[in-house]
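Novice: Here is how the chains run, residue by residue.
Number of protein chains: 4
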Amino acid sequence: MIIIMKDNAAKNEIAAVESKLAQIGFQTHPIEGETKTVIGAIGDKRNISMNEILLMSGVENIVPIMRPYKLASKEIKQEKTIIDVGHGVMIGGKTLAVFAGPCAVESREHFFKMARAVKEAGANILRGGAFKPRTSPYAFGGLGEEGLKIMRDAGDELDMPICTEVMDTRDVDLVAEYADIIQIGARNMQNFTLLREVGKHNKPIFLKRGLASTINEWLMAAEYIMSEGNDNVMLCERGIRTYETSTRNTFDVSAIPVTQELTHLPIIADPSHATGNYKYVAAVARAGIAAGADGVMVEVHDCPECAVSDGPQSLKPKRFLQLMDELRGIAAAIGKEI
Amino acid sequence: MIIIMKDNAAKNEIAAVESKLAQIGFQTHPIEGETKTVIGAIGDKRNISMNEILLMSGVENIVPIMRPYKLASKEIKQEKTIIDVGHGVMIGGKTLAVFAGPCAVESREHFFKMARAVKEAGANILRGGAFKPRTSPYAFGGLGEEGLKIMRDAGDELDMPICTEVMDTRDVDLVAEYADIIQIGARNMQNFTLLREVGKHNKPIFLKRGLASTINEWLMAAEYIMSEGNDNVMLCERGIRTYETSTRNTFDVSAIPVTQELTHLPIIADPSHATGNYKYVAAVARAGIAAGADGVMVEVHDCPECAVSDGPQSLKPKRFLQLMDELRGIAAAIGKEI
Amino acid sequence: MIIIMKDNAAKNEIAAVESKLAQIGFQTHPIEGETKTVIGAIGDKRNISMNEILLMSGVENIVPIMRPYKLASKEIKQEKTIIDVGHGVMIGGKTLAVFAGPCAVESREHFFKMARAVKEAGANILRGGAFKPRTSPYAFGGLGEEGLKIMRDAGDELDMPICTEVMDTRDVDLVAEYADIIQIGARNMQNFTLLREVGKHNKPIFLKRGLASTINEWLMAAEYIMSEGNDNVMLCERGIRTYETSTRNTFDVSAIPVTQELTHLPIIADPSHATGNYKYVAAVARAGIAAGADGVMVEVHDCPECAVSDGPQSLKPKRFLQLMDELRGIAAAIGKEI
Amino acid sequence: MIIIMKDNAAKNEIAAVESKLAQIGFQTHPIEGETKTVIGAIGDKRNISMNEILLMSGVENIVPIMRPYKLASKEIKQEKTIIDVGHGVMIGGKTLAVFAGPCAVESREHFFKMARAVKEAGANILRGGAFKPRTSPYAFGGLGEEGLKIMRDAGDELDMPICTEVMDTRDVDLVAEYADIIQIGARNMQNFTLLREVGKHNKPIFLKRGLASTINEWLMAAEYIMSEGNDNVMLCERGIRTYETSTRNTFDVSAIPVTQELTHLPIIADPSHATGNYKYVAAVARAGIAAGADGVMVEVHDCPECAVSDGPQSLKPKRFLQLMDELRGIAAAIGKEI
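Chains A, B, C and D are the protein sequences, given in the same order.
Per the working numbering, the first sequence starts with residue 49, numbered consecutively.
Per the working numbering, the second sequence starts with residue 49, numbered consecutively.
Per the working numbering, the third sequence starts with residue 49, numbered consecutively.
Per the working numbering, the fourth sequence starts with residue 49, numbered consecutively.
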């Protein structure tokens with residue numbers, strides 16, 4: 049890291065900083081400029097709080113050189129992580145992952161119907177919500193364990209892995225029992241006790257980006273999970289909060305090449321939650337794949353107007369089928385396949 | 049609510065919408081304009097999902113007229129809520145609340161020292177963290193129950209209520225046993241299972257605004273707690289995420305008059321987390337009180353450079369003492385007192 | 049529009065609003081709900097200030113039903129606008145527009161070299177800056193008229209239209225004399241006197257989205273130009289300002305389908321300014337085309353490290369050539385061509 | 049500045065960077081860490097483009113140490129700038145500036161009436177718009193020179209300086225002829241040709257922060273003006289664009305202490321444009337003064353519902369009178385006066 053001293057820092061202030069740095073294990077290299085001195089400090093002490101230095105007399109600022117995450121970074125693992133999510137599906141390689149299904153599991157009959165429709169269109173992973181985070185306390189909160197069972201049965205019958213969200217530390221064991229992939233939703237991306245809890249399981253984790261999280265915070269959330277021993281984390285870009293209101297969130301398409309530069313973890317695009325509007329889902333799904341995402345997650349419902357949750361952003365099976373064709377063409381144009 | 053039909057909506061589409069509205073209990077009033085028809089729908093069905101209508105053929109958009117929260121709104125309670133937090137302290141009235149203390153409880157000796165210092169300066173509530181949400185998995189996570197005991201003992205000895213955060217549904221009972229006020233942190237503002245859990249207790253709740261939450265979502269989070277039976281919720285503005293990087297967050301001072309217009313719940317300003325920098329804390333604390341907040345929460349530490357958490361935003365006791373004097377003058381100028 | 053009255057609005061307040069509305073030419077339709085009354089007002093008075101109503105006693109809010117722009121909307125023109133920019137290039141149809149060239153015109157020799165390189169790779173429009181908006185007063189501001197001449201000569205020799213920015217009302221005639229397409233930069237999107245001035249010319253306008261403009265404001269800026277008689281406006285999405293700092297701006301890929309729903313004007317993607325980093329340009333360019341943009345604008349420079357402006361976001365000719373191949377494949381996958 | 053090399057940078061890459069730095073006049077100090085090398089470079093070359101270095105082989109990033117502005121910074125001027133705006137009013141000292149008046153000059157009679165009202169309440173500077181930036185091309189654009197004359201006459205009669213906006217480089221001489229203070233509006237904060245033009249005059253400049261400008265960009269805009277020779281620049285915080293929609297903009301109250309740390313220029317708070325709603329203006333005006341602003345700008349109108357522009361954010365003279373009382377108390381509490 050680099051310690052930037054104030055313009056008028058006194059010699060003894062500079063000496064005190066150097067001495068403190070040496071004491072906690074850094075080698076120091078002061079550089080005296082015309083108006084100010086900066087001190088280069090060598091040593092990988094990522095988990096040291098820098099406050100002690102930052103608040104010393106004469107210090108203006110500290111510039112970290114190393115990224116704060118390690119396990120999630122390419123520093124320690126260059127090659128892309130490929131995650132085996134079961135039922136023969138691998139995420140992170142040449143073949144794209146297509147997660148599809150209704151927002152919430154509504155009934156056994158309906159979920160099976162949707163599952164068959166998305167499989168037929170080419171999806172290879174089933175998604176659905178059994179525990180639903182809802183902004184209003186008066187809205188439908190999901191079927192709970194009954195929903196998990198339905199998903200599991202559908203996954204087994206159709207030979208597809210299933211992905212579903214967990215919201216509460218008390219439910220992690222239960223969800224892990226049924227799901228092939230455990231989803232951490234955007235609102236829980238910095239629910240640190242939940243991150244630790246899923247990190248103790250060995251099921252792959254689908255980590256949505258927080259509503260207004262930086263890419264750095266997102267990778268730190270992945271680091272939380274990985275620091276407990278679970279390396280099978282995939283990221284999901286699902287739109288960030290901005291001032292623009294014509295879509296529910298703003299899909300940050302650049303996050304795809306940026307994360308691919310910073311981390312070895314796969315990344316999935318979620319155009320449904322990003323736009324909140326079925327009219328824009330196909331365009332954003334295509335953009336995500338064209339930008340290089342390892343897959344997409346799309347909500348599909350045969351009767352969006354009857355959906356108990358997020359109907360306005362769901363594609364009908366027929367439109368999903370057409371989207372899959374477009375995605376196949378785009379994937380081929382950049383050397384991938386669906 | 050108002051249903052806006054598309055420009056070219058057919059007569060039978062309009063009729064179908066009216067019929068569906070009638071069926072779910074609304075009275076309808078269609079208004080035929082030059083280029084489009086809108087339908088006024090009367091009935092307070094706040095908890096009905098509007099998707100069914102929104103996705104009907106010919107519908108362009110729906111404009112809700114009623115706010116989505118009820119218990120937190122002034123519709124059902126005009127007079128300001130005044131919360132008795134124990135030890136003779138009332139929040140929401142003419143006398144301002146001053147929460148002060150270190151970010152984290154570090155040791156019994158240190159916490160007592162800080163508690164005495166802030167009490168002497170005029171603070172009337174102790175704050176401190178026993179469970180700490182930390183962005184890095186490698187950072188100090190708090191003393192846990194030991195920290196709660198220390199706070200409780202300090203509160204009892206100094207006859208002051210204590211306020212501390214809970215992060216996990218599994219810890220709610222434990223925290224409720226010790227604390228006078230239970231804090232929900234910014235990162236958990238939409239941790240809905242946690243909101244429900246604290247709603248089942250009768251301890252006052254200190255609800256921080258989410259990192260990038262709208263005022264509407266914040267009041268919906270309060271509604272979650274209140275819908276479980278706990279009406280003693282106070283709000284805390286602690287800065288929102290914006291593009292500006294010279295402060296950690298942007299303190300949304302307008303949130304103070306806005307919430308006071310929309311809700312009967314008290315609101316507290318937190319300049320420490322908002323700015324993340326001790327140099328700006330006093331200015332923002334003064335602004336919060338001048339804008340009409342019911343109190344402030346300020347982090348105080350005698351040795352910020354030794355603090356295990358958030359040192360850079362902590363005021364030293366001497367600076368805090370001076371701030372209290374400034375706040376007294378401002379409070380007096382607007383008819384309040386400390 | 050819909051006038052929402054306060055919960056406790058008195059009968060005579062409601063009557064006064066109705067009377068005022070009638071006076072300015074609206075038909076009114078009051079709807080009396082359980083807790084409040086709303087008034088539907090019919091009439092297309094887009095250019096009337098609503099303040100007079102909004103501030104009347106008993107009024108809570110006004111909800112507009114009609115969009116504030118007219119000429120730019122699909123209400124009055126359903127079919128896509130196709131703009132003839134000269135030299136046989138049409139923008140808005142099946143064939144995509146590819147604007148390419150260096151950020152700034154640096155010298156005659158260099159611009160011709162780049163122009164030939166991008167033409168060879170498949171670009172059909174030349175871009176370059178003669179007047180440069182620079183954040184620092186100490187940075188290179190462009191060659192001015194000399195730069196315009198160089199661009200014009202290159203365009204004529206290579207039979208390609210040229211696009212360049214105007215920043216000052218005093219330079220509009222000069223730029224219009226040389227350029228085929230006049231660019232309004234992001235920082236001038238709400239420079240209303242400049243918008244009016246270019247609206248008086250008949251050259252096509254390339255209107256970049258403001259740094260933090262809503263889509264609504266952007267279309268209002270187009271409306272400004274069109275209201276002066278110039279209908280040949282194309283939009284350019286170049287990233288918006290958000291809290292995320294890993295890219296210079298956040299490319300709002302959803303703006304492509306959203307504007308295509310709201311307006312008949314073509315839209316171009318600018319991945320260079322959006323990302324500010326050559327490493328991410330190709331991914332975002334592909335995303336823009338996949339989402340349905342009518343073209344891309346890409347900065348190309350043979351020696352980015354020598355560029356006088358925006359070198360870090362420029363592609364080298366070889367990488368641009370490769371990108372063009374990728375874009376051709378994606379265009380084909382969605383029924384377009386380059 | 050500090051050049052951060054990539055983890056795997058080769059020795060000859062490092063040598064090449066050092067050699068290039070030396071060539072453009074920097075002294076270099078390489079620091080070899082465990083995983084990467086950083087190079088400290090000494091020399092104040094603020095106006096050198098760093099691209100040349102940034103894009104060299106093996107370079108990961110550059111961290112500037114010096115701020116990009118100089119004239120506006122405290123590096124070269126520690127003491128606060130106090131600006132004499134005429135008619136005996138000084139801005140930046142112990143006595144606060146209170147700019148007040150209607151948004152637009154509507155008529156001679158009306159402006160004089162408002163001017164007398166605000167003077168009586170204690171305002172010491174008149175504000176009003178003769179050239180109005182309007183989002184809609186169909187809205188009232190101001191009286192132009194006639195408006196300037198009215199303001200000048202009112203200022204002379206009441207012995208008060210006047211402040212009004214210029215929007216077009218072609219109008220700068222005209223506005224400078226009448227006004228005591230020339231305002232640059234938020235939408236023109238990065239209209240660089242306009243900034244240069246007003247920099248050539250010696251009238252004090254009132255520089256509003258751009259809609260979504262960083263504090264750094266704002267100070268660079270001040271630097272533009274100052275680099276032309278005009279040192280009398282005052283800043284105006286008027287709210288920034290965020291995701292929150294309950295106010296028109298989010299008043300960034302922290303910008304007051306932050307700019308006071310970074311620059312010697314005075315800063316004024318504009319609660320009217322920040323909130324866009326008269327209900328919140330007083331609270332935010334109080335907050336601005338409490339945070340330490342050198343003054344406020346408040347829109348006042350006797351009949352907001354008849355105002356041709358921005359009525360909803362205007363205070364009536366009676367409410368303004370009351371606000372002035374509150375501000376006097378707050379000013380006194382922090383050692384200032386009105």
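Treat the hints with caution; some may be incorrect.
Because identical chains cannot be distinguished in the list, a pair is counted as satisfied if it fits within a single copy or across any two copies.
As the list claims (entries may be wrong) - Straight line, CA to CA, 27 angstroms or less: simulated DSSO-like cross-link-like pairs of lysine-lysine:
#1 K54 <-> K122
#2 K84 <-> K125
#3 K364 <-> K327
#4 K161 <-> K68
#5 K251 <-> K167
Keep in mind the hints are simulated off the structure, nothing from the lab.
Novice: Hint by hint, say whether it matches the structure.
Specialist: Here's how the hints hold up against the structure:
1. K54 <-> K122: Between. Shortest inter-copy distance 12 angstroms satisfies the 27 angstroms Cα cut-off; intra-copy 34 angstroms does not.
2. K84 <-> K125: Only across copies: K84 and K125 sit 16 angstroms apart there, 38 angstroms inside one copy, limit 27 angstroms.
3. K364 <-> K327: within (11 angstroms within a copy, 36 angstroms between copies)
4. K161 <-> K68: Result: close only across copies, 26 angstroms inter versus 66 angstroms intra.
5. K251 <-> K167: within (22 angstroms within a copy, 50 angstroms between copies)
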